[in-house]
Amino acid sequence: MTVALFALLESFDYGFGTLTRPGPGFLPMVYSGLMALLGLAILLGAWRDDRRLPGTRVWPVLSVTVALLSWIWLVPRAGFFVATVTLIVISATAHTGSRPLPVLILAVVSAILGGLLFIWVFGVPLPMWWQFGD
Amino acid sequence: MTETIANLMHGFSVALAPHMLMYCLIGATIGMGIGVLPGVGALATISILLPFTFKLDPTGGMIMLAGIFYGAQYGGSVASILLNLPGTASTAVTALDGYPMTQQGRAGVALFVTTIVSFIGGSIAIVVMVVLAPLVASVASQFGSTEYFAVMALALVAAATLSPGSPLNGVAMVVFGLLLGTVGADATTGFYRFAFGRMELVDGLNLIAVVMGLFGISEILVNLVTGGQSRTIRARITLRSMLPTREDTRRIIGPTMRGTLVGVVTGILPGLGPQVASFVSYATEKKLSRHPEEFGHGAIEGVAAPEASNNASVQAAFIPTLTLGIPGDAVMAVMMGALMLHGILPGPGLITNQPDLFWGLVASFWVGNVILLALNIPLIGIWLQILRVPYHMLYPVVLMLISTGVYSIRNSGFDVGIALFFGLVGYGMTLLRLPAAPLLLGLVLGPLVEEHLRRAMIIGRGDLMIFAESPISLISLTGAAALVLLMARAGLRTRERIDNPPDKKIC
Chain A
22 MTVALFALLE SFDYGFGTLT RPGPGFLPMV YSGLMALLGL AILLGAWRDD
72 RRLPGTRVWP VLSVTVALLS WIWLVPRAGF FVATVTLIVI SATAHTGSRP
122 LPVLILAVVS AILGGLLFIW VFGVPLPMWW QFGD
Chain B
-4 MTETIANLMH GFSVALAPHM LMYCLIGATI GMGIGVLPGV GALATISILL
46 PFTFKLDPTG GMIMLAGIFY GAQYGGSVAS ILLNLPGTAS TAVTALDGYP
96 MTQQGRAGVA LFVTTIVSFI GGSIAIVVMV VLAPLVASVA SQFGSTEYFA
146 VMALALVAAA TLSPGSPLNG VAMVVFGLLL GTVGADATTG FYRFAFGRME
196 LVDGLNLIAV VMGLFGISEI LVNLVTGGQS RTIRARITLR SMLPTREDTR
246 RIIGPTMRGT LVGVVTGILP GLGPQVASFV SYATEKKLSR HPEEFGHGAI
296 EGVAAPEASN NASVQAAFIP TLTLGIPGDA VMAVMMGALM LHGILPGPGL
346 ITNQPDLFWG LVASFWVGNV ILLALNIPLI GIWLQILRVP YHMLYPVVLM
396 LISTGVYSIR NSGFDVGIAL FFGLVGYGMT LLRLPAAPLL LGLVLGPLVE
446 EHLRRAMIIG RGDLMIFAES PISLISLTGA AALVLLMARA GLRTRERIDN
496 PPDKKIC
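As you go down the protein sequences, you meet chains A and B in turn.
Taken in order, the first sequence gives residues 22 to 155; the numbers are from this note's numbering.
Taken in order, the second sequence gives residues -4 to 502; the numbers are from this note's numbering.
Derived by calculation from the structure, the hints in this document are not laboratory data.
Accuracy of the hints is not assured; some may be wrong.
[To be verified] Partial list, computed: chain B residues near chain A (C-beta under 10 angstroms):
id	residue
1	248
2	252
3	256
4	260
5	392
6	412
[Said to hold, decoys possible] Not close to chain A: a few residues of chain B, all C-beta gaps over 12 angstroms, as computed:
id	residue
7	126
8	215
9	243
10	348
11	389
12	411
What you are looking at is a predicted structure, and each value in this text was computed from that prediction instead of being measured.
Beta carbons: idealized from backbone N, C-alpha and C, even for Gly.
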């Protein structure tokens, strides 16, 4: 498991290493080379290291990802309120302690307060509500 | 000397203007309120609150940010003393003895000592800063690209090798940060690098988005995955229980002073920060103590020394950040990033060009410390209430603050995507025990390093000997090389690496 993940990180480094462009790519090239070397060294270290990677649960990571992506997608389309309620509801499912009603109340209240704060006080150009007609 | 005092008076006149005082107060209060939340470290707090300062003028914004920063720092200590949930590596040291004190029912004393000692450490460091910063600036104004490059190289190497944890991982992350710093249009030729056809990347990665991802989103993920941190606080704190005994007072004086000294020195040196300061001062006290066995079981020295040192170091770290434009740790890197967003380039000219900003900021540091002192002691009860907010009600709201905050910087949903991406990267890094702070430092310094290296090469006509001609650059580069060698030797000698930070509980 450890090795697999390190290898993944590794291949990522190599990907960058080969992608560098000439000319202004001088330093990126140096950095990528160093990265590759260091990645290799860490990888070698990991071979000796018999500590296991801590197990990870997929759902919290996934739900936070989906929540944020949906916020990005919804904000220009459905407005701040809908996007924020969605964000909070989806991300709340990551934690086992959340119950539906309090989460919904939390979502609505923070969407309204957040909207007031950012849009009204700070003047962030975001629509609060969905817009009809476009 | 008289000039310094006059400048300082001017600074106070800036910082004590009612609206500046208000910014500082608001910043300190909110910073404290968010910083005290379990699992939200100082850096995450600052990055969440950063967008709020953008609408202010630079001086006001920086003063508010400094307030936020102090509040967050102190809030982190409160969380680590009461709940053993440190948000950062430097407060992890405080938790070593602070939490046992809570278990012994002496939480009040620990909190009180933290407040007082932080104030003392901070105040002394401010005095040092007032005296030293103009001197450093006048030396720095002689710096050419060669010297800049050399000092930055030293800072990066120091940050990578001396931070707690494996030095190899640290170096790898600095290089990763430098690589990320090359994203965007090349400063010399305008060539687009790693832009992947996205116009949003031409200006480089948005620093704030990266910080929010690395330190905000990834912290939430780590907390969610490791699950239930719902610890109840049993400590009941009355004003009376906060007063240290005479014995306590006697025992903290020495550690406070030594801690401050360690803090000031580590703060000034490039590449070192509060983390190193708290670790070193804790270790020093343990060695000097006549009863080292008490450490880890609620020794008051173990709270006083790292807290004094941590605050002093933070304060002193502003010297290289503001006068050289070389931040010493991740927090300073964010502060510098914030300055640049306000259109101010930190450097030797800052003190003379922006006297209002510089002296106002120095004065507001002290004002901020006083505000915290006044705020903390009476409001401890409220902080305890905040600590009782269950995490599952909290993190969705923090996510909302992050996404909206990142969006508001450039009104760009793409940046929120960047934050999400780095949140995932940061989470992966935590799993692999790769430190995030060196990465950030590399990212901030990356473009500067490249620019100065190229300029130095042009001046030296491609001859590397140019770096050996100036004493400052020679010393810095030799120092950096020595650190690398030391690290390699230590790494070979002890294959058993001590992986320090148990601050993130990974089970």
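* Those earlier numbered hints the structure runs against, lowest number first -> When the structure is compared with the hints, numbers 1, 2, 3, 4, 8, 11, 12 turn out to be violated.
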